[in-house]
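The whole structure should be built from the sequences, with the hints applied where relevant.
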Amino acid sequence: MKKIGILGGVGWASTIDYYRAICEGAGRFFADRGAAAPLPVPPITIESVVQAQTRALRGRPGDEASWAAFHAVFRDAMLTLERAGCDFALIASNTPHARLHAIKKGVMMPVLSIFDAAAKATAATGSAQALVLGTAVTMQARNYANVLAEHGVSANDTLPDAEIAEMQAMIDEDFHGGAASGAQDRLLRFCARHARPGTAILLACTEPPLAFPDHIDDVSFEAGGFLFVNPSAAHAAAALDLALEDERAG
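Heads up: the sequence shown begins at 0 in numbering that gives the first Met the number 0, then just goes up one per residue.
Please note that a few of the clues may not be correct.
[Stated by the list, open to error] No farther apart than 25 Å at their CA atoms in a straight line, the calculated lysine to any residue pairs in the SDA-like style are these:
hint, residue 1, residue 2
1, Lys2, Ala34
2, Lys2, Asp245
3, Lys1, Gly24
4, Lys2, Gly58
5, Lys2, Arg57
6, Lys103, Arg82
7, Lys103, Gly58
8, Lys119, Phe28
9, Lys104, Thr44
10, Lys2, Gly105
11, Lys119, Ala248
12, Lys103, Val48
13, Lys103, Ala34
14, Lys1, Ala148
15, Lys104, Gly61
16, Lys2, Glu23
17, Lys103, Ala248
18, Lys103, Phe28
[Unchecked claim] Label pairs and their computed distance ranges (CB to CB):
hint, residue 1, residue 2, range
19, His150, Ala248, 19 to 27 Å
20, Arg82, Gly61, 13 to 21 Å
21, Ala51, Gly223, 43 to 51 Å
22, Arg188, Ala101, 41 to 49 Å
23, Ala164, Thr79, 27 to 35 Å
Calculated directly from the structure, the hints in this document are not laboratory data.
Quick reminder that beta carbons are idealized off the backbone N, C-alpha and C, glycines included.
Structure (structure tokens):
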């Protein structure tokens, strides 16, 4: 099995879900093949950054130089995973992927993109339209829109600043270390304002999927009358597939 590097901590609750999903998925894979307990799981190293620090280091849209310190924290964490012998890595968070082009400079190991995994999952639903919800960085950038377009899916236009600010506030207030009791209702109300019929809603932040605990490992699911895509679940599944590549071939 290939060794996985997880860059986590943004936030810690979703990092736990990545680790759990990968390990449980590996357990099911080997159990289906008659393996005896304890069931094998891929070797994994987690390097956890400090979310309070990385949030403070976010740069400004359109000002590449303002992101230098943000890039450095994530790049150093990636290099730590590389030195630990990881065959590939993934960031257990959507937001830093908007800056992945700069973060991975000088990193030799492959880094799995959450954009690619989510775009494939969205296309698989058959939806031609997508609404991307996440942090302000994710919703202001067009990374998701560009990759979705490569898979034949059209993303929403950038929402007004006030709506982006509300989504960011929801993540900060209702999804820190888990989902608050009213988090799902608040999220569904937001979706009702912006999702047209037939739209796949990408929960493009690793915390909002926690509002749907019954679907936490589902790449896509229906809830509250909406079709959701969970990029985190798609990302973790892609990591597991790559880690087990040789076992699947055998």
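Here is what the structure says about each hint:
| no. | hint | result |
| --- | --- | --- |
| 1 | Lys2 to Ala34 | holds, 20 Å |
| 2 | Lys2 to Asp245 | holds, 12 Å |
| 3 | Lys1 to Gly24 | holds, 15 Å |
| 4 | Lys2 to Gly58 | violated, 32 Å |
| 5 | Lys2 to Arg57 | violated, 30 Å |
| 6 | Lys103 to Arg82 | holds, 14 Å |
| 7 | Lys103 to Gly58 | holds, 17 Å |
| 8 | Lys119 to Phe28 | holds, 22 Å |
| 9 | Lys104 to Thr44 | holds, 20 Å |
| 10 | Lys2 to Gly105 | holds, 20 Å |
| 11 | Lys119 to Ala248 | holds, 22 Å |
| 12 | Lys103 to Val48 | holds, 16 Å |
| 13 | Lys103 to Ala34 | violated, 37 Å |
| 14 | Lys1 to Ala148 | violated, 31 Å |
| 15 | Lys104 to Gly61 | holds, 19 Å |
| 16 | Lys2 to Glu23 | holds, 16 Å |
| 17 | Lys103 to Ala248 | violated, 29 Å |
| 18 | Lys103 to Phe28 | violated, 31 Å |
| 19 | His150 to Ala248: 19 to 27 Å | holds, 25 Å |
| 20 | Arg82 to Gly61: 13 to 21 Å | violated, 34 Å |
| 21 | Ala51 to Gly223: 43 to 51 Å | violated, 32 Å |
| 22 | Arg188 to Ala101: 41 to 49 Å | violated, 36 Å |
| 23 | Ala164 to Thr79: 27 to 35 Å | holds, 34 Å |
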